[in-house]
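Visitor: Listed below, chain by chain, are the residues.
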Amino acid sequence: MSEQVELDQLVQRLAEGDRSAFTAAFRLLWPPVLRLCRGMLRNDVDAEDAAQQAMEKILTRSSDYDPARAALPWALAIASWECRTIRRKHARRREQPEPIREGTSETDQEELHIQRELVDAAVNAMGTLSETDRETLVATFWEEAASVQGPTLRKRRERAVTRLRAAFRRLYGLD
Amino acid sequence: MDSIDLSPIERRARRSYELSRARRALLGVVPLIFVVLVAALVGHRPGSTLLIGSVAVVWGALLLWYGRDVRRAVLPGVAAGLIPLTFALCARLVGHGCTGDQCVALCVPACVVGGLAAGIAVAAVGHRDRHGVAFWLSTSGLAVLTGAMGCACVGYSGVFGLVLGYGAGLLPSALRALYSRSKP
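Protein chains in written order, with this note's numbering: chain A, 1 to 175; chain B, 176 to 359.
Because the hints were derived from the structure by calculation, they are not lab data. Fair warning: there could be bad hints in the mix.
Derived DEER-like restraints, expressed as beta-carbon distance ranges [what the hints assert, rightly or not]: (1) A:P31 / B:L346: 49 to 57 Å; (2) B:C265 / A:P67: 55 to 63 Å; (3) A:V45 / B:L212: 31 to 39 Å; (4) A:T23 / B:L212: 58 to 66 Å; (5) B:L346 / A:K155: 52 to 60 Å; (6) A:A24 / B:V205: 46 to 54 Å; (7) B:I179 / A:P67: 23 to 31 Å; (8) B:I179 / A:D108: 24 to 32 Å; (9) A:S2 / B:T261: 23 to 31 Å; (10) A:T85 / B:R186: 46 to 54 Å; (11) A:R35 / B:L237: 34 to 42 Å; (12) A:T85 / B:V230: 40 to 48 Å; (13) B:L339 / A:S2: 19 to 27 Å.
All figures in this text were calculated on a predicted structure; none of them were measured in a lab. Ideal Cβ positions, reconstructed from N, Cα and C, are used throughout, including at glycine.
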């Protein structure tokens, strides 16, 4: 049995109230969730905090899990939302510019800052999309199995990207 | 990734999972709380109605929180229990039927007939969906408790009548369903 199918079944069992599936589901979900948080937040401490909170949210919402959908993209969509919340919190707190680290040039710092701003902008734009769109984009980006395959997935991805572009344009006035 | 101790994170996640299930269970029994309040307002003995209703609410919440097969017992249990409850409350409003010199309180016959109908309804659902013993017991408990809120109108005899009617309606089908499940 593939890991994806096993995870789908475990989350479905959790949704039904089968506690014996908890540890196995947790151990299967943790690595991809942490990987996603590390990818989005680019800071190990923040990523671990976000992953912990995301795991709590995922398992809290496991009773709402729809067995017709794949569990991993569903869980990663919740985790990406959690990362977005943490980034927003940090952005609000960041009233003073960050101190320049020793050993990094001013150009590197600027590059890092621009990259961070871009990721923030993308995450914000994603936040305006529907849960299905977010799930599709997260699954595409992390090359995870989505709840649908083939032409349906392609169409769904196309539509999600179009909507993301529109949201980006609406929010920032550029593609 | 390997350096992270997952046990405390898992413990916290498990607690969140249980809390969310408990919250959902409490939300799930809100309609039953409403039924208990209406029954207490309309009924003859609000004290005993509230007492039995509280047990029914706690029982229903526990079933929803636990989940699995017994979670599906809540809706049919409450729905079936509403039959004798409605009969008993209507009988209370009518009072008694008189034939010549003799007058008979309608509560007990209403409870027996309502219990019989509830038993048949639960048996039909259990038989159709091929549920196990846990479902039959959980649904029956909830149906009898819901019905008993109205049948306590004449004390224990009303509740006894309800159980008698319920058993008569349920037992044949329950035994047949459980026997057919145990066959290889």
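Visitor: Checking each numbered hint in turn, tell me which of them this model violates, lowest number first.
Guide: Failing hints, ascending: 2, 3, 4, 6, 9, 10, 13.
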